[in-house]
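2 protein chains.
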Amino acid sequence: MEGTGLLPTSIVMPDLKINPERLHADFVELAHIGATPEGGINRLALSANDIHARAWFADKVESAGLAVRDDDAGNLSGVLYSAEPGAKTLLLGSHLDSVPNGGQYDGSVGILCALECLRTLREADLDLPINVEVIDFTDDEGCWKSLFGCRALTGALAQEDLSAINYGEGSFRAALMQVGIDPRAIWRASRAPQSICGYLEVHIEQGPRLHREGVNIGVVSGIVGRTTHRVTFFGQAGHSGTTDMYKRRDALRGAALFIVRAHDLVRERYGDGIFNCGDVTVEPGMFNVIPSKACLTVEYRHVSEKLMAEMETAITSLAHQCAATYGLAVETEEIAHMPAASLAAGMIQLLEGVCDDLDLSHKRLVSYSGHAPQILADFTDTGMIFIPSVNGISHHPDEYTDWPDVVNGANVLLQAILRLAHRN
Amino acid sequence: MEGTGLLPTSIVMPDLKINPERLHADFVELAHIGATPEGGINRLALSANDIHARAWFADKVESAGLAVRDDDAGNLSGVLYSAEPGAKTLLLGSHLDSVPNGGQYDGSVGILCALECLRTLREADLDLPINVEVIDFTDDEGCWKSLFGCRALTGALAQEDLSAINYGEGSFRAALMQVGIDPRAIWRASRAPQSICGYLEVHIEQGPRLHREGVNIGVVSGIVGRTTHRVTFFGQAGHSGTTDMYKRRDALRGAALFIVRAHDLVRERYGDGIFNCGDVTVEPGMFNVIPSKACLTVEYRHVSEKLMAEMETAITSLAHQCAATYGLAVETEEIAHMPAASLAAGMIQLLEGVCDDLDLSHKRLVSYSGHAPQILADFTDTGMIFIPSVNGISHHPDEYTDWPDVVNGANVLLQAILRLAHRN
Numbered sequence: 001m002e003g004t005g006l007l008p009t010s011i012v013m014p015d016l017k018i019n020p021e022r023l024h025a026d027f028v029e030l031a032h033i034g035a036t037p038e039g040g041i042n043r044l045a046l047s048a049n050d051i052h053a054r055a056w057f058a059d060k061v062e063s064a065g066l067a068v069r070d071d072d073a074g075n076l077s078g079v080l081y082s083a084e085p086g087a088k089t090l091l092l093g094s095h096l097d098s099v100p101n102g103g104q105y106d107g108s109v110g111i112l113c114a115l116e117c118l119r120t121l122r123e124a125d126l127d128l129p130i131n132v133e134v135i136d137f138t139d140d141e142g143c144w145k146s147l148f149g150c151r152a153l154t155g156a157l158a159q160e161d162l163s164a165i166n167y168g169e170g171s172f173r174a175a176l177m178q179v180g181i182d183p184r185a186i187w188r189a190s191r192a193p194q195s196i197c198g199y200l201e202v203h204i205e206q207g208p209r210l211h212r213e214g215v216n217i218g219v220v221s222g223i224v225g226r227t228t229h230r231v232t233f234f235g236q237a238g239h240s241g242t243t244d245m246y247k248r249r250d251a252l253r254g255a256a257l258f259i260v261r262a263h264d265l266v267r268e269r270y271g272d273g274i275f276n277c278g279d280v281t282v283e284p285g286m287f288n289v290i291p292s293k294a295c296l297t298v299e300y301r302h303v304s305e306k307l308m309a310e311m312e313t314a315i316t317s318l319a320h321q322c323a324a325t326y327g328l329a330v331e332t333e334e335i336a337h338m339p340a341a342s343l344a345a346g347m348i349q350l351l352e353g354v355c356d357d358l359d360l361s362h363k364r365l366v367s368y369s370g371h372a373p374q375i376l377a378d379f380t381d382t383g384m385i386f387i388p389s390v391n392g393i394s395h396h397p398d399e400y401t402d403w404p405d406v407v408n409g410a411n412v413l414l415q416a417i418l419r420l421a422h423r424n
Numbered sequence: 425m426e427g428t429g430l431l432p433t434s435i436v437m438p439d440l441k442i443n444p445e446r447l448h449a450d451f452v453e454l455a456h457i458g459a460t461p462e463g464g465i466n467r468l469a470l471s472a473n474d475i476h477a478r479a480w481f482a483d484k485v486e487s488a489g490l491a492v493r494d495d496d497a498g499n500l501s502g503v504l505y506s507a508e509p510g511a512k513t514l515l516l517g518s519h520l521d522s523v524p525n526g527g528q529y530d531g532s533v534g535i536l537c538a539l540e541c542l543r544t545l546r547e548a549d550l551d552l553p554i555n556v557e558v559i560d561f562t563d564d565e566g567c568w569k570s571l572f573g574c575r576a577l578t579g580a581l582a583q584e585d586l587s588a589i590n591y592g593e594g595s596f597r598a599a600l601m602q603v604g605i606d607p608r609a610i611w612r613a614s615r616a617p618q619s620i621c622g623y624l625e626v627h628i629e630q631g632p633r634l635h636r637e638g639v640n641i642g643v644v645s646g647i648v649g650r651t652t653h654r655v656t657f658f659g660q661a662g663h664s665g666t667t668d669m670y671k672r673r674d675a676l677r678g679a680a681l682f683i684v685r686a687h688d689l690v691r692e693r694y695g696d697g698i699f700n701c702g703d704v705t706v707e708p709g710m711f712n713v714i715p716s717k718a719c720l721t722v723e724y725r726h727v728s729e730k731l732m733a734e735m736e737t738a739i740t741s742l743a744h745q746c747a748a749t750y751g752l753a754v755e756t757e758e759i760a761h762m763p764a765a766s767l768a769a770g771m772i773q774l775l776e777g778v779c780d781d782l783d784l785s786h787k788r789l790v791s792y793s794g795h796a797p798q799i800l801a802d803f804t805d806t807g808m809i810f811i812p813s814v815n816g817i818s819h820h821p822d823e824y825t826d827w828p829d830v831v832n833g834a835n836v837l838l839q840a841i842l843r844l845a846h847r848n
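Here the protein sequences come in this chain order: P and R. Those letters in the first sequence? Residues 1 to 424, per my numbering, in order. Those letters in the second sequence? Residues 425 to 848, per my numbering, in order.
Hints were generated in silico from the structure; no laboratory data involved. No residue lacks a Cβ here, since even glycine has one placed at the ideal position from N, Cα and C. Just to be clear, a hint being listed does not mean it is correct.
As a list, the in silico DSSO-like pairs of lysine-lysine whose alpha-carbon atoms are at most 27 Å apart [claimed, not checked]:
id, chain 1, residue 1, chain 2, residue 2
1, P, 17, P, 293
2, R, 787, R, 730
3, R, 671, P, 306
4, P, 363, P, 306
5, R, 512, P, 247
6, R, 441, R, 512
7, P, 293, P, 247
8, P, 247, P, 363
9, R, 671, P, 363
10, R, 730, R, 671
11, R, 787, R, 441
12, P, 293, R, 717
13, R, 730, P, 247
Here's a subset of chain P near chain R, in silico, CB distances under 10 Å, partners left out [stated by the list, open to error]:
id, residue
14, 207
15, 224
16, 243
17, 253
18, 276
Excised from the complex, chain P in its bound form (with noise of 0.2 Å):
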């Protein structure tokens, strides 16, 4: 994956830049799909609104004179193609789907930057040795499977990923159908990584470095790691009152000195680590029983995989500590892991230099929420735009970014698609 080899020798049209109300018009038509009283928007994955937004995605490609496409999985693009046999293709991607009232910019304004530089580039009549290819993955949000159609595309959905769909889960095999996706034909969505140059995703930070720090664009270095374990303390289950008060074995007891400790280990020994315990439920729940059971969700994050290692180490050592302090057993069990992304050197300098040489300040950043390019970054050489989010909300109607922010994210990537056009 090192892309040192993508580093730019001179620049193309320095100055071609997006249009910004071309591209504000169509967030605002955009953000009134599945528009929620709240101001936020519903477009569940395979939705009647995820639909509708695909649809209105088509016919604005269409008429900007770009190729509509889609493949097996769902995955709908619209692509600039290259007057060159065999040319290879630039991805630019992002997802139109949202959480259950999400934010009006996460994902959309990555499909719509990358749509209005296609239109440049075909308005500025250029003509480009690589194809460029705006596409929106299906189910991003992971509505019914997390990064669903960039893992399609990749070919990173596992044979029991299939094999579920086809005989075990219904409602998403049913979901697919009614849109035309033949769940027997969704590993025919995956593509040879030789025909593709690269990724680029411009996508808001949705958390509050570069809004507190006025950084104007955050190049990505890297995608967290993400665990998630339950986490299952064992007791006895007695009378609160008349058990003695130092021969319990509370279950609660001992989950509870488990979270503080969680905390406190990870921000102490992992700064850059991350630890949520999202969710506990007790055995029997019951007010005047000793707790015999407490199952903890857990999850942790980082940006290495190695420390992502050392931190599963010191969790499970905590929790049997923990357990042991009361008396307890316990049980871990993992749920779910997705390894951590370090994304390709030559894109992160290449954004760089795009930045420096558009007189926008940078910063590279770690990216503490899952995204495609943690796919991606296995399959090409994979780049990602952060821009600011204000106050760091997101997955929340009050999700904003201001507008100048998103137009330079799309001139960034303009830039980015020219100067990787031009090395290929």
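Once you've looked at the hints, dock chain R against the given chain P.
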């Protein structure tokens, strides 16, 4: 409630003993009613099994030549009436109902020991100056309304309890009516305190102290008060990956700190106090969302009402400290409060004297579980006799007491009746 006037001046029939085989035969018969496959008992109050046990009890009362008595709260008694007009009544109580899949001893041994005492007294053909009444209190275990029967008898059911039964609690009302109890007449079950000269109850300890120390009899000095609170921590939901780790307002983190510290606080400052957090519910409860709300069910117990009040202040203050530590808000709400009860000093001394005379080792104990004497103590001179529970197991099919310990309890009760009769 000082009972020093009850101190015995002489002893009548110190060699009178109950019939252990007859008592055991009763125990075996009763244990069949509502028996579960695990060896436990299902006799929820007002259920068919409870009614079956009551009918069995009434038969036993009648065949012993005692009078059957019932009242408008469904309390069912066998009475050995005195020949003296205007004689006061000594109540000997417990309950035939059980918790779901409870043990064979809880409640039952109290009724059976008292019944056996009455039979023994009748056979001895004594002319007692008091009526002696064995009473089965309705719904002692609180399947419908905790300590319902004894609260009705002592007039401790508040007007709002009665209104709730008549106008709100439809299923309880239906259950009462199905067994012939008129909900509008419950108030008539209350008795005049001056008609009662005392209350005694034999009960298994439901804790391990007597069994562990090899002591025959526990003389209960007081019953802990119990307060139940709902403690709710309020934080702010957010994306578990992208929200700054140092700016999170994680409701569950504060709740966990509170659970850990409250357990430590009660052990450090209130050696005889009890603390339990029996349940936690988390909102939104998703693995990748910072908890915005954590609601705990918290219960504490102490035999001193003064220290109960201190504990309440300390625990509430701790909740606020823990909330402040992580920038949270907290609300505490009292769900229930059952005041602590001190049993009559005269009864305690009388029971200790009986044990000494019977060569039984004894020990003053606080009861950490609620019992009818908690209600009766405000109404009449009340004493309670604990017999050992093997390993303290209770409310469970494994509940067990060695038979000689049950016999000891019955004989202590018998001699206590004689002493009290002599004093009246």
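Checked hints:
1. Our distance criterion of 27 Å between C-alpha atoms is broken by residue 17 of chain P and residue 293 of chain P, whose separation comes to about 60 Å.
2. Pair hint residue 787 of chain R plus residue 730 of chain R holds up; C-alpha atoms about 24 Å apart against a cutoff of 27 Å.
3. Our distance criterion of 27 Å between C-alpha atoms is met by residue 671 of chain R and residue 306 of chain P, whose separation comes to about 26 Å.
4. Only pairs whose Cα atoms come within 27 Å are accepted, and residue 363 of chain P paired with residue 306 of chain P is accepted, the gap being roughly 24 Å.
5. Distance check on the hinted pair: residue 512 of chain R and residue 247 of chain P sit about 45 Å apart at the alpha-carbon level, beyond 27 Å; violated.
6. Pair hint residue 441 of chain R plus residue 512 of chain R holds up; C-alpha atoms about 24 Å apart against a cutoff of 27 Å.
7. Straight-line distance between C-alpha atoms of residue 293 of chain P and residue 247 of chain P comes to about 16 Å, which keeps the hinted pair within the 27 Å bound.
8. For the hint pairing residue 247 of chain P with residue 363 of chain P, the CA-to-CA distance comes to about 55 Å; that exceeds 27 Å, so the pair is violated.
9. A threshold of 27 Å between alpha carbons decides the hint, and for residue 671 of chain R with residue 363 of chain P the separation of about 21 Å falls inside it, so the pair holds.
10. Using a Cα cut-off of 27 Å, the hinted pair residue 730 of chain R and residue 671 of chain R is violated, with the two alpha carbons roughly 40 Å apart.
11. At roughly 22 Å between alpha-carbon atoms, residue 787 of chain R and residue 441 of chain R fall within 27 Å of each other, so this suggested pair holds.
12. Taken as a hint, the residue 293 of chain P and residue 717 of chain R pair is honoured in the structure, with Cα atoms around 21 Å apart against an allowance of 27 Å.
13. With a C-alpha separation of about 26 Å, the suggested pair residue 730 of chain R and residue 247 of chain P falls inside the 27 Å cut-off, and the hint holds.
14. At about 4 Å, the closest approach between the beta carbon of residue 207 of chain P and any beta carbon in chain R falls short of 10 Å, and the interface hint on this residue holds.
15. Satisfaction of the interface hint for residue 224 of chain P is found here, the shortest Cβ-Cβ separation to chain R being roughly 7 Å, below the 10 Å cut-off.
16. The beta carbon of residue 243 of chain P comes within 7 Å of a beta carbon in chain R, closer than 10 Å, and the hint placing it at the interface holds.
17. Residue-level restraint check for residue 253 of chain P holds (minimum Cβ-Cβ distance to chain R is 6 Å; threshold 10 Å).
18. Here the hint on residue 276 of chain P is kept, as its CB sits about 4 Å from the closest CB of chain R, short of 10 Å.
Checked against the numbered hints above, the structure breaks hints 1, 5, 8 and 10 and satisfies the rest.
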